[in-house]
Structures are given as structure tokens and as C-alpha cells.
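Asker: With the hints as your guide, set chains B and C onto chain A.
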Amino acid sequence: MTLETIAGLYNYWMVIFLMMTGFYIVLARKNLIKSVIGLNIFQTSVFLLYITMGKVNNGTAPIIPPAIVEAQKSAHESHAGAAAGGVAEHGAGVAEHGAGVAEHGAVVAEHGAGAAEAVHAAGDIVYSNPLPSVLMLTAIVVGIATTALALALVVRIREDYGTVDEERILELDRGE
Amino acid sequence: MIDAIDSHLAILLIVLPLMAAPICVLLGNGRAAYTLALLVSILTFACSVTMLDEALEHGVIYYDLGNWHPPYGIEYRVDVFSGFVLTFVSGIGAAVLLYAPMSVRDEIPASKHYLFYATYLLCLTGLLGMCVTGDLFNVFVFLEISSLSSYALISLGKTRRAPLAAFQYLILGSIGATFILIGIGLLYQMTGALNMDEIAARVPHEDGPRTVLVAFAFLTVGLCIKMAVFPVHTWLPNAYTYAPSVVTCFIAATSTKVSVYVFVRLIYGIISPGFAFNFLPLDTELMFFSLAGIFIASTAAIYQDNIKRMLAYSSVAQVGYMLLGISLATPTGLSGGIVHMFNHALIKGGLFMVVGCFVLRLGSVQMSDWKGAGRTMPWTATAWVIGGLGLIGVPLTAGFISKWLLLTSIFEAGWWPIAVLMLVSSLLAVVYIWRVVETLFFAEPSEAAAMATEAPLRMLIPTYLLIGGTLVFGVWTTYSAGIAHAAAIALLGEAP
Amino acid sequence: MSRFPIIRIITKLLIPYILLFALYVQFHGDYGPGGGFQAGVIFASALILYGLVFGLEAIQRVAPPRIIEKGMALGVLVYAGTGVLTMSLGGQFLDYSVLEHHVLTQWHVPSGQHLGIFLVELGVGITVASVMTMIFYAFAGRKHAHDT
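Protein chains in written order, with the numbering used here: chain A, 7 to 182; chain B, 51 to 546; chain C, 1012 to 1159.
Hints are computed from structural coordinates only; laboratory data are not their basis. Treat the hints loosely; a few may be bogus.
Said to hold, decoys possible - Which residues of chain A face chain B? A partial, calculated answer using Cβ under 10 Å:
id : residue
1  : 32
2  : 41
3  : 51
4  : 52
5  : 148
6  : 152
Quantities reported herein were computed from a predicted structural model and do not represent experimental measurements. Glycine included, each C-beta is placed from N, C-alpha and C at the ideal position.
Just chain A, with the same shape it has in the complex (with noise of 0.2 Å):
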């Protein structure tokens, strides 16, 4: 393994290292609100993992060119290419589409790149995968609400018990 291979791994180092840091904190930590801390850096790893795997080598981001757009626009008023266009349009918003159909972002990379066929104008644009980043996306919103979820419950314990420390409480429920 040269020092290439292994700079050139750098994403995948830092995967590692926040995985097992979230991680060891998720286990080793007593305290419930560093746990729940140790929680989003394990899960952030995993988000960075999906978009490291998505990156393609001089990849743009997977919007298409304005120019590529305007082009379509004619077409699709002339009627010829109106699946796509509607395939394009679709494409452009569908990047941010989390909440659960998150699957149609592979429809764009495979499409845009036959729209482009067809308008002759960017045949050669390469573009990032888009899907793992709207894998993430939805990931992300799972992760908010793991977290609204995990902090409301760590309130009610403090209410109940008046700590945090899970020590603690255990000594409190087993002093009942």
C-alpha cells in the first residue's frame, strides 16, 4: 500500500475514525445526553460514507446545464421530446426528494444522460451519483428524529429521576 492508496482513501479514514469514536462514545459514556451525542457522530459517519461512495471521479452535480434545459424546453413544445422533458424538469427537483421515495434519483443520472444524448449539447458531462446523497438525505431526517426522540425522552428521565447519569438512576430504581 503506497501513501497514494492511503491519502487517496482519506474519506474512508475519516468514516473509520468518526464511526468508531460515535460509537465507543454511545457505549462507553454513562452520561444519556453524551450517548445521544455519541449516537449522531456514529450516524453522521454513515452519511459521509453513502456520499463518499456517490462521488464520481471530475463528476459535476448532477443538475442539468441550463443550456441543456432551454434546448429540452424547445423540444418539448414542439412535442417531440416531451418524456424528456418531463423526465428532465423531474430531475431537477427531485435531488432534495427525502421523505421515503428517495429511490428516483437514479432515474436522473440514467435519463439526464439520455436527455443530453439527444439534445447533442453535453454528451460528455459527467455526473456525481445522486442517489446516495438522497439516501442521505432521508437518512438525515431519520437521524432528527431519532434525536427529537432520544432528547425528549432524557427531559421526561431528568423530570422523573432529577439526573442525567444512568449510574444513577439505576442506583435510584434499585433503591425503590
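Answerer: For chains B and C alone, kept in the frame of chain A given last:
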């Protein structure tokens, strides 16, 4: 019109409870929300029965969401196995709701009722979604929907330990879900697909690159946490013990089974048993952990004085039987594991309903408070006896069918020491069930028990629906073992 | 924090732009980066900022918790309702292409895929904005419940 609805059944199964949940919130009234939830859960049950019937007759049902075809779009896919799991999950969802109102009124503050039913429906949506979808990432999304709502449901318990139990489950559950997410990501990296059939076609089945191995390891560990397999089961006893009775009924009967379903899909539908069991020694490991779980958890159950906790440990042990069946990878063994999912859902759902009845009348789940309650609440106590016999696996109960299938296939494989261990483990179940029976019928009545009256009919009828089911499906096996066998054959045949 | 005039005035100046930006991200999501989730979060952040500076009571007068609670449900209904609409028009669930129409084409009224994604993102936006605000209420309101 009927045809039009018929072609959309797979999505209606998800959309109905998913839309009913926000409508419950909009209604803002406990009674109205309950009526809607009951109606919708019965409708989803009807949907799944129809689909199971269709899958049995015409084969797999496919449904492309938004008309995006796989491998790009999300595909819903119902075959005999998923139809079977869908049917009993939605059936138990409906039965528990039928049982719910009195117990909910007793245990949950009235201002939260409509939110309770909304969350319950979301949990049902998540569980059904995990079974219906053919897309691996979608499984994760539905898994989180069901998990998040079950954390919320568990935290509604009366004691101050309920939020703590929910929090501990949340931490472990989220670790499990994140492991699953990592596994899905690595599989996507290797295959470029998220559709399960597509991944199965692209993933190597004989010898895998390290990424596939790591992905498989993450998925297995993550699902084991969700299934509460023995060494990572620690969240389960507290969660089941401190949750409201209705929630325990529902979650104990369905949640772990759906995770087992996903695990079976992973091994038989994606990775192939050849890879998991021949190339990797997963079968011996599963067998070891399931046997260890059966023994240790059953023994732990014997020493519990809290009856909910006792049944919770028994659930950990029962998951062991399912895994045992899965690890055998023969038609008989696998169908034994699958039918045990169904039987255990019936039995455990029924037993937890009995516990709920006692809690309503006696206000306690401690063994000492139940003394002599069998004399004042004979019907409820009889339901416990029947359910207990099913749990032990006495002939003529559903529990016998699945254990018989498992035993047969173990003998086929020639592992008689394991068969002996299985029989001995059933004796452990006899001990803990008998402890309760003895308390109920032969101990001097406690004050509360002497004053108690029979549980209300509204709760007894659903209880007997499930408990009676264990007797019916112990004799008449066409629709339990028969379908499970068909599902097992399909799973084994489908594996490349 | 309403004692500090600088914070108060800056907040009052900023909030309209934050709300405007949220709407931009919401409605421009079809063409550029953006969409319902981001817009919802930005919108809620304006409400939360107002709540932080002027107090919980002030913000709850603007956005009463009961309305916010219904908003959470409404957004999900808009999303799923779009799916049911496409089903009733003869397509698959969330198959936006059946939403194609030719009403007022010269005014660029969204139709087809465009309309579908617009409605779905609207649902997402409403739900996310409500949920974020609700989370703020749940945590900020907790202390009040404790004091009284």
C-alpha cells in the same frame, strides 16, 4: 372498480394506515381516532388476506411505485412468505386494537389517546412496509418508522422506568438500524442496486470480496439486535415490561417477527444460503446462539416475579427456535421456523392480552398480587393455561406443530443431541408457565384477587380470538404450516 | 432576550428575509438545489428565532401549537393524498405523469411530473416546518410546565 382497487392492494396496505395516522391527529379526539384506527386495521387485514390468496394462486405480485420500474424505482413485492407475514401482522394489529380501548383508558392519560392511536398506526405502517417492499433501502426507512413509533409507544408506560426503557431501546435500536444502513450502503457500493432481486443477481454467491462479507456482517449484527437474539437482547425485557399492556401485546407479537422476516429475506433472497451457510459458518453460529438463548433466557424467565418480564424473556427464547429453523436450511426446518413466527405471534399476543386483563383488574404484574386470581377470574386464567400449553408445545396446540417440524428436520439432519436439548428446553417453559398457573389456582387469594371480577367481555373476546387460534391452528394446519411450507419451498428454490 | 435593542431590531429585520428565502427554496426546488425539507427547516428557523428573542408566548400567539399540530398531519396528508390522486386518475401510486393537463399553458401552470413533485414537496415543507416548530415548543414549553 373492484379490479382497480385489486391492482393497488400492495400500496393500499401502506397508504391506508399511513393516511389514517395524520387523520387521527386532525380529529384530535380519542374515540373518533380509535374508530378510524380499528376500521383501517381491519381493512389492511382484508387487503393482506386477499393478497396472500392471490400470491398463492397466481404467484408473486409486483407493484412499481410511481411507475418507475426496477432497478430504478421502488418495487413492492408480495410473495407467499411476505403475504403470510403481512396477514398475521395486520391480523394481530386489528385484534389488539379490538382489545385496546379499556386497557388504554386505564393506562394512558385521556389527552394522549388520539396521539396514541396515530402512533400505533404508524408503527403498523412501518411493520407492514418492511414486509411488502422489495427495496433494501426502503426496508431501512420502514424499519425506522416502526422503531421510532415503538420507542414513543413504550415511553407511554405508567412508571418512570418506561422512558428509561424506551431510551435504552432507542440507543440499541438506532445502533442496530445504523449497522443495517452501513450494510445496505456497502452492498450498494458493490452491486449498484438497491432492489433485492437485483442485488441477488449481481452479488457473488460462492466467494465474496471483502466488502460483501463486511456488508453481510453489518446486516446480520444489526438485524440480530432488532430480533433480540440472545447476546444482544438486553433492550427487550425492560421495553416489554414497562410499556403499556396494549403496546406490549402488539410489539411482542409482531415487531421481532418482522425483523426475523427481513433476516430470512437477507439470507434466502439476497445472499443465498450457500454463501451464508457453506462459505461462511453462519449456520453453526446461529444454532449456537439460538440454543444458548433458548436455555439462558428460559432459565432467566423462571426466576422472574414480574410476569411481563417473564414473558419477555420467554420471547427471547422463542426467537431462538425461529433462528434454529432458519439455520437448518431444509424445507422442513425452514417451514418450522416460519410457522413458529406465526404461532408464537398468536401465543405471545394472546398471553400478553391475558396479562393486560389481569392488570386492568388487579393493577399489578407481580406474581404475588396474582395469587388466587384464577378463582375470581376463571375465564382469563383459563386463557393463560391454554396459551401456556401452546408456548410449551403440547400436542393439539399450535406450538406443537412448529416444534414438531423443527424436531423432524433436526432428526433428518441427524443431530439428535440438539433434538434432546430442544425437548429439555420445553421443560423449562413448563416450569415458568406452571409457576403462574400454581399462583393463579392453588394459592390463597390476595386481597385484590378476592375482590376482582372477571375481565370485561370486550377484552376477553379478542383474547380468546388469539388463544383460540392457537388451538385451531394446532389441529387444522392448512393455513399455517401448509402456507409456511409453500413459502419455504419458494425461498429455497429461489435461492441461486 | 427582548431587552437588547440590537438583537430585537436585527431579528425583526432578518425574519422577513428568512421567510422569503424559505419560500424561494421551496418553490425553486424544482429547478435548482432546494426542496421541501430544507425549506421547512428554514421556515421553522425563522419562527424559532422569533421565539428565542421575544419569548415562547409571543411565538405561540403567531403560530398556536394546536395549528402547528394539525400542520404536521396536513403535510403528510398532502403527500399521501397526491399519491391517492394519481391512483384515482388511473396511474400507479405517485405516478405524476397522469397529472398532465393543458390548463393555462401560457402561464406555465405546473402539470405532469412538475405538478406532482410540487405537491409532494409542498406536503414535505408543511410537515417539516410544523415538526421543527413543534420540537421547539416541546422543549421550550417544558420548563414552563415545570414552574407552574
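Asker: The structure should be examined with respect to each hint, and the outcome stated for every one.
Answerer: Hints and how they fare:
Hint on residue 32 of chain A holds. Least Cβ distance to chain B is approximately 6 Å, under the 10 Å limit. Look at residue 41 of chain A: its Cβ gets to within about 6 Å of chain B, closer than 10 Å, so that hint holds up. The interface hint given for residue 51 of chain A holds, since its Cβ lies 9 Å from the closest Cβ of chain B, which is under the 10 Å cut-off. For residue 52 of chain A, the interface hint holds, since its Cβ comes within 10 Å of a Cβ in chain B; the closest pair sits about 5 Å apart.
A least Cβ separation of about 5 Å between residue 148 of chain A and chain B falls short of the 10 Å threshold, and the interface hint therefore holds. At about 5 Å, the closest approach between the beta carbon of residue 152 of chain A and any beta carbon in chain B falls short of 10 Å, and the interface hint on this residue holds.
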